[in-house]
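Numbered per the working numbering, the sequence shown spans residues 93 to 242.
Keep in mind the hints are simulated off the structure, nothing from the lab. Computed from a prediction, not measured in an experiment: that's the story for all the values here. Keep in mind that the hints are not guaranteed to be accurate.
Under the rule of at most 27 angstroms between Cα atoms (straight-line distance), these lysine-lysine pairs were calculated in the DSS-like manner [to be verified]:
#1 K132 <-> K162
#2 K173 <-> K230
#3 K99 <-> K210
#4 K176 <-> K156
Label-pair distances were calculated between CB atoms; the ranges are [as the list claims (entries may be wrong)]:
#5 E166 <-> Q117: 21 to 27 angstroms
#6 E213 <-> K162: 16 to 22 angstroms
#7 D236 <-> K132: 33 to 39 angstroms
#8 N180 <-> K229: 36 to 42 angstroms
#9 K229 <-> D202: 19 to 25 angstroms
#10 S183 <-> Q95: 44 to 50 angstroms
Glycine residues also receive a C-beta, built at the ideal position from the N, C-alpha and C atoms.
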Amino acid sequence: MGQSLVKNYVHIIFSTKNRQPFISQTYEDELFKYLGGVCKSLDCTPIQVGGYLDHVHILCLLNKNITIVKLLEELKTSSSKWMKTRANELSNFYWQDGYGAFSVNPSQVDTVTNYIQKQREHHDRKSFQDEYLAFLKKYRIDFDERYVWG
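Could you put the whole structure together from the sequences, leaning on the hints where they help?
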């Protein structure tokens, strides 16, 4: 083959350290745009960015020349520094060390996009912890819950 053709949709989830509710409505739009901009700067086209109080969801196309680890390192490092500049109350803003990254079938992109858009409504009924554990189970990921929450 003379050409490398790749199209990998990835749904990324990560939370604030100790799931602190730092992502208030005051900051969420700016933060989500910032995270989308980081994706764009790495040629990982953002499809949808959203979240709620203590975590974010990012659906993007993973560039064939970047690893998930590199993408997450850039997303978390730069956005953490950026958030701390928004207000004194965010001076202790940090992301949790871990993350979840899940492949998305192209036929499910609209479903995942809609899911991310409705995070506020979704979390009226379900905690982030329950949501994340459901993803781990859905994707049949072996885990020890003692280490999931760091």
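Right, here's what the structure says about each hint:
{"no.": "1", "hint": "K132 <-> K162", "verdict": "14 angstroms, holds"}
{"no.": "2", "hint": "K173 <-> K230", "verdict": "33 angstroms, violated"}
{"no.": "3", "hint": "K99 <-> K210", "verdict": "25 angstroms, holds"}
{"no.": "4", "hint": "K176 <-> K156", "verdict": "31 angstroms, violated"}
{"no.": "5", "hint": "E166 <-> Q117: 21 to 27 angstroms", "verdict": "25 angstroms, holds"}
{"no.": "6", "hint": "E213 <-> K162: 16 to 22 angstroms", "verdict": "33 angstroms, violated"}
{"no.": "7", "hint": "D236 <-> K132: 33 to 39 angstroms", "verdict": "35 angstroms, holds"}
{"no.": "8", "hint": "N180 <-> K229: 36 to 42 angstroms", "verdict": "39 angstroms, holds"}
{"no.": "9", "hint": "K229 <-> D202: 19 to 25 angstroms", "verdict": "23 angstroms, holds"}
{"no.": "10", "hint": "S183 <-> Q95: 44 to 50 angstroms", "verdict": "48 angstroms, holds"}
Consistency with the previously given hints fails for numbers 2, 4 and 6, ordered from lowest to highest.
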